[in-house]
Each structure stands twice: as C-alpha cells, then as structure tokens.
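Trainee: Chain by chain, the residues run as shown.
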Amino acid sequence: MEDKLRGYKIATGFISFVAAVVTLVVWLKVPIEGNPWHAAMQFVVLLTVAELLAVRLNEYEGVSVSPTSPILWAATCVLGILPAIVVGVASAALSMLVKCVSFYVHQKWCVTLENKERGPIGAICRILGELGATWQARPPDVAALYFLWYAACVVADVGPGGLVYYWLGGKFLINAGTEFQIVTDFILPFIALVAVSSGAHIAEYAIGTAAVDPIPGTRGLYGVLLRMRLAIIETALPIVKGQIVLSVVALQLAYLYARIGVFGFLLAVAPVLALRDFFTHWVRERDAYLNTIATLATYMQYYHPYTRGHLKRVAELSERLARELRLPAESIRHMSVAGLLHDIGKIGVSEEILDKPSQLTDEEWAQIKEHPVKGAEIISHLDFLEGIVDWIKYHHKWYNGGGYPVVDNNECKIPIEAAIIATADAFDAMTDDREMSLDWVCDSCGYRPEDGAKPRQCPKCGAEKRRRYREPKTLDEAIDELRRGAGTQFDPQVVKAFLAMVERDGIRLNG
Amino acid sequence: MDSYNFTPGVIITGVLLLSLAIFSVYISRVYLPARIKAAYVKSITVLAAAVETRDAGTLGHAQRVAQLTMEMARRLGLDGDDLDRIQYAALIMDMGKARVPQAILNKKDPLTPEEWEILKSHPRLSAEMVSAVPFLADIADIVLHHHELWDGSGYPDGLAGEEIPLESRILCVAADYDAMVSERPYHPRPLTPEEAAEQIRLGAGSKYDPRVVEAFFDVIGSKQTTEQKALAA
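Line by line, the protein sequences give chains A and B.
Going by our numbering, the first residue of the first sequence is number 1, and it counts up by one from there.
Going by our numbering, the first residue of the second sequence is number 1001, and it counts up by one from there.
Don't take each hint at face value.
Lysine-lysine pairs mimicking DSS-like chemistry, simulated, CA-CA at most 30 Å apart [claimed, not checked]: (1) K1037/B / K374/A; (2) K1037/B / K241/A; (3) K1108/B / K369/A; (4) K1037/B / K312/A; (5) K1120/B / K312/A; (6) K1042/B / K374/A; (7) K374/A / K1108/B; (8) K1107/B / K374/A.
Computed footprint of chain B on chain A, listed as stretches where at least three residues anywhere in the stretch have a Cβ under 8 Å from a Cβ of chain B [unchecked claim]: (9) 249-259; (10) 374-388.
Hints listed in this document are in silico derivations from the structure and should not be mistaken for laboratory results.
Just so we're clear, the structure is a prediction, and the values are computed from it rather than from any experiment.
For glycine and all other residues, C-beta sits at the position ideal for the given N, C-alpha and C.
With the hints as constraints, model all of the structure from the sequences given.
Mentor: Put into structure tokens, the structure is as follows:
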C-alpha cells in the first residue's frame, strides 16, 4: 500500500510538471479572444453532469465510454485552450465534491433507508449511494493527490491537443461567427486534436499504471517500461477506442453549440445517454447469461461429490493467477467460468471409471483422456464462450508437448490460460483430500451421519471406512512438485507467478 | 451566437445525432434481447445434450420434446413468455440426471426399489438446479412436476388433476411419447408413432390430462397431413 502511494505521488508530480509547462505555453502563446467565460460556465455544468452520469459505467471492465475527454475536446474548439483547461479542472473539482458529499450523506443517513423506503426517498438514497460509490472514504491527503492527478491529466490531455489545433489553423468557433471554412478551419484540426490528445491520454494511463501497479518481481526502468507496454496494449486501447467513437459526437456538439447554443447540448446528450443505456444493458445481460450457463454447467458436474469443492477452488485460483499475470480484462473475466467448466468433458465418463480405486485399463484411460477434447467440443457450441475453447482443450497438455490430447507439437500453441488452469488443477488435486470432501456414507449399511461427521468406523454397523486413495500433499510438498515440474509439465511463467502469489497472499487449502 | 442559426448543417447534424440515439435504443431494446435469448436456447440445448450422453438412447430427446411441447402449448393458448418458459423447462427437465449414476440410467434389468427411488429423484434435482439460477427460477415448479400424472399416481409429490401446472402436464405427454418411440434400454423395441399415439389416447383421463391429449393429437394430426401433402406433391 505504501509503495503504491509512493508510486502515485511520483507519477502525479511528473504529470503536474508537464501540465504546468503546457499551461504556461498556452498562456503565453494563445491569446484569448472575446469573452468565452459565460459559455465556459455552461460547459462546466454539462461536463459535471456527464461525469456524474458516467459513474456507473466506469466500473465495468473492458467497456469505457468516459465522456470527459470528448466534451473537453468540444470545449477546446469552441472556447479556446485556456478556457477549456479551466472548464476541465473546475468540473473535476465540482464532480469530486458531489461524489464526496454524496458518499458522506449516504453513509450517515441513507444506508438503512435505502432498502426500506420504496418511494422517492429510497430512490434518492440509492442515487446518492451510486454517486458516492467511487469515492470510498479517502483520507484528505489521498483525496488531494487524487484530485491533483486527475486535474493534471486533464490539462496534459487537452493542452497539447489544443495547441496542435491552434497551430494547424483551427478557429475557436465561439468568435469565428459564420466566416469559417468548416473543413480546413475546424474538422481537420479537430482530428489532429483527437489524435494528440488520445496519445497523451494513453501515455498518462501507462505512467499511472506503471507507478501504482508494477509487475511483481520486475524492478527499475525495464520493469516500468514492461508494465507500460502491457497497460497500453491491454487496457488503454479499449478506452481510447470508446473515446474516438464519442469524438464524433464531440465534433457535432462543438458545431451545434457554436450555431444554436445550449440547445446543442440537448441534441448531443441524447445519443450519449442512449449509448450508455446500451452498454449498461449489454453488460448486465451478458453477465446474467454467463452466470446462468456457468451455474448450470457446474451443477451438471456434481455427479461426483468431490467436484463441487474442486471446481470452485480451481476457478478461484485460476482467476487469481490470471490477475497476478496481468492478463487482459477479458481473460480475467472468463477465467473463473473456464475453471468451473474445465472438466465438463467428463460428463460422459461413468463414475465407475472415475472412482475406480485400482489401476485403470488402457481403454478406461483412453476414455478419461478424451475429456479435454469433448469438453472443448461442448463449449464451442456455447455462445459468448468461443474464446475459452482452447483453454479447455489444452488444460492437460504439458509445457514440453507431453500430456494429452496428442496433437502436432509444432502447431499446438498452448494458450497461457490453459497453462493456468493446468497448474491450478494439478495443485488442487495434489492438496485435495478427496475422501474428506465426499459426503460420508457407510459402504456396508448406507448410514449417513446427520451432523456431517466423518468417523473412521461406522457408528451403526462398525464397518471400517475404506482408506483414502492416497495421502494429500502438504503445501510445501505441492509447491516443491510444481517447482520440479516447471519447464516440463507446467509453464514456468505460471509457476513463478503462483509462487510469488502464495508467498505474498498465502493460500487456502481445501476451502 | 446572438441569434440561433438553424442552417442546413445544423439540421443535418441534429438528425444524425438523433438517429444515432434511436439506433442505440433499438439495439439495446430489440436486437439485444433477441440475440441473448437465442444464445440461451442454444447453450441450454447443448448442455442438455451433454447430459444426454450419459443416458443411452436419450440423445436429442430434450430437443424433440421441446419442439413438440411448444406446438402443443401454442394450441393450448400459451404465448410469449409462457412459451419461452416451457421451452426452457423442456430442455432442462432431465438435466438432473447428471447426478444419477450411469449404472442406473443404463441398466437393462428391472431396477431395484432403491435404484427406482434414485432415478425418481431426478425432477427434484433438476428443479434444485434451476432454482439456483435467478434467470430460470420461475420454471422450477414446471420442472419439478413433469412426472406427475393426471390421476395422482406420478412422482415426486403425487399431485393430481389441475394441481399439476399446465406446463408440466404438457411436458409429461410429450416426453412419454418421445420415450416410447425411441430406443431405450428398458424396452425391447421402440413403438411405431401410431402405437405410441394409441398408448397416449388410452392414457387420456387416467395418466394424462384429456385437454392436453387433444392438443397432442391436433399436433400429430397436422404433422401427418403435412407429410401426406408433401408425399402427394
């Protein structure tokens, strides 16, 4: 935590310095024409409202349609650079104030009312709760730092973009009247503005991530650069994609505002609200769908009582490993579903084979070995899960090409997600006390204790309970085994992440 | 800025923005639900088929039953959401068999009373499964009672007559018909469609709801006429 705060401070200091330089250049080089401040007030209100409306959306991974930058781009073209910077900083302060106040008001008065009241009071409470949700009781110094970071980013985004707009001959529409060439004086410089500003945004994002959330085990400049590369590839680009879509709206917003004033806002806000509605809807429906399918498919695998705990633990562990390895948000989201479904191909294998205490015959082995391919076949027919088919197919494939299914090793590239599931699966199988996780039933008289006890001898008929297949390994033994298998059975990268994770956060056996 | 300039540019931009808004509303309210529903039907069909691989001879059972059930339900005046619910119920009703040992599912000899008890627990297991999913919780009752018979001799609760949900009564007829015409370990040879239909007719009023049986014959009859027409043509 301390480390994170320190990284945050360094990054904020750096961006603030850049922002100050940019502001100075703008102040000296770009004259403010006319009196844009009245219009700037209107933009502050618009931007604050838009930021508060977007509160919900930013929670969702993978989809980001933050309206801040596009509205500031429009403000830059309409008002001028310095007024746009003022608009950005002022509305950041205003929306943060609203969030902070909502958080404390909600905490003090609304927590109980929220669920009790059905009418307008309950609704207000819920809205306050939503607005305050991103605030999280920050201590004052962290809140100040957060504000500084945010404001500096706004300036470092808009400033360079605005300067490029100005130097390319873009006109500030509020003073341009009707005598401007729409393409050369507005649209072309605007495209340059979006490009520069998006570039700056990605850079800030990368710097912030590298400072706050470095890759474990990497240090120094190389580590920072590595982290920045990852951040840019995996998270910043989707954000920017969303912004570029919204920049079309911003272009029209600027034009409409210059022509018909505040009415332009209303026209431009409609599609933004509709898009927001679409994304919320989409994310909610998709999550409900994934949840339904995962629950059904998990339940289907309960033919064998020990699987219940095993599947959950593999899912949880795989997701943690994916986070540890900083995989893309999409992979992390699907990791737990994949963990729950990885053995679904076993559905057709009979319990007699799965439970057989003695050595399996070749035929029985062949049946078991088919399960990754069968599972992949089932999953390939499930909508929205096409991405995890190969994860399931190769979760018994070894890093060195061994294991099953047998495929041409030159063509088979095991996805890292499959290696993660393989490691989590093997670790859990090693440490799992299978017999202990079965419901205890006496083999000879069928007696089942009410209290969930697992005695060695049946209290009713006195029969010995059959022995375990084998003793479960301790944590240290299991870790040793993973370490030995790294490079042959297991992917060394995954094992390394696993060890780092266990050392840092510990691990729960047999949840 | 002093006057509002509704130039053609402004009007075109405004129309563009509004149509973007209307388009996204259309996508999220009309296209998306249809897409998601198709995904549900497809995925649940696949999962049901996966469970059927445990049980020799039932492959495709759920899908065929779902089709027959939907047609019967339509004739009995169900529509919209009710029709969706009965489709999901038909696909899911036997998924509880995932927890019945394969040795029992595939046994050729008559089952012992204990084994019968285990097999008869499958509607309860299926119902338990769907109640774990918020999206499907409201079909739990239909699934639970799909082996209840009109005269009260079915399982698990021995409900009779109108106590059994209508959807379950429909499912019961469709599932029994499909079981009779397909190969199963417990009967020596499948019945022909005519023989099976005769069995259903005999069961009307005792095992099956007469009204549902009527709808069943409507469906079967119209199928035969279409087939005859196809042959004639």
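Trainee: Of the hints given before, which are not true for this structure?
Mentor: none
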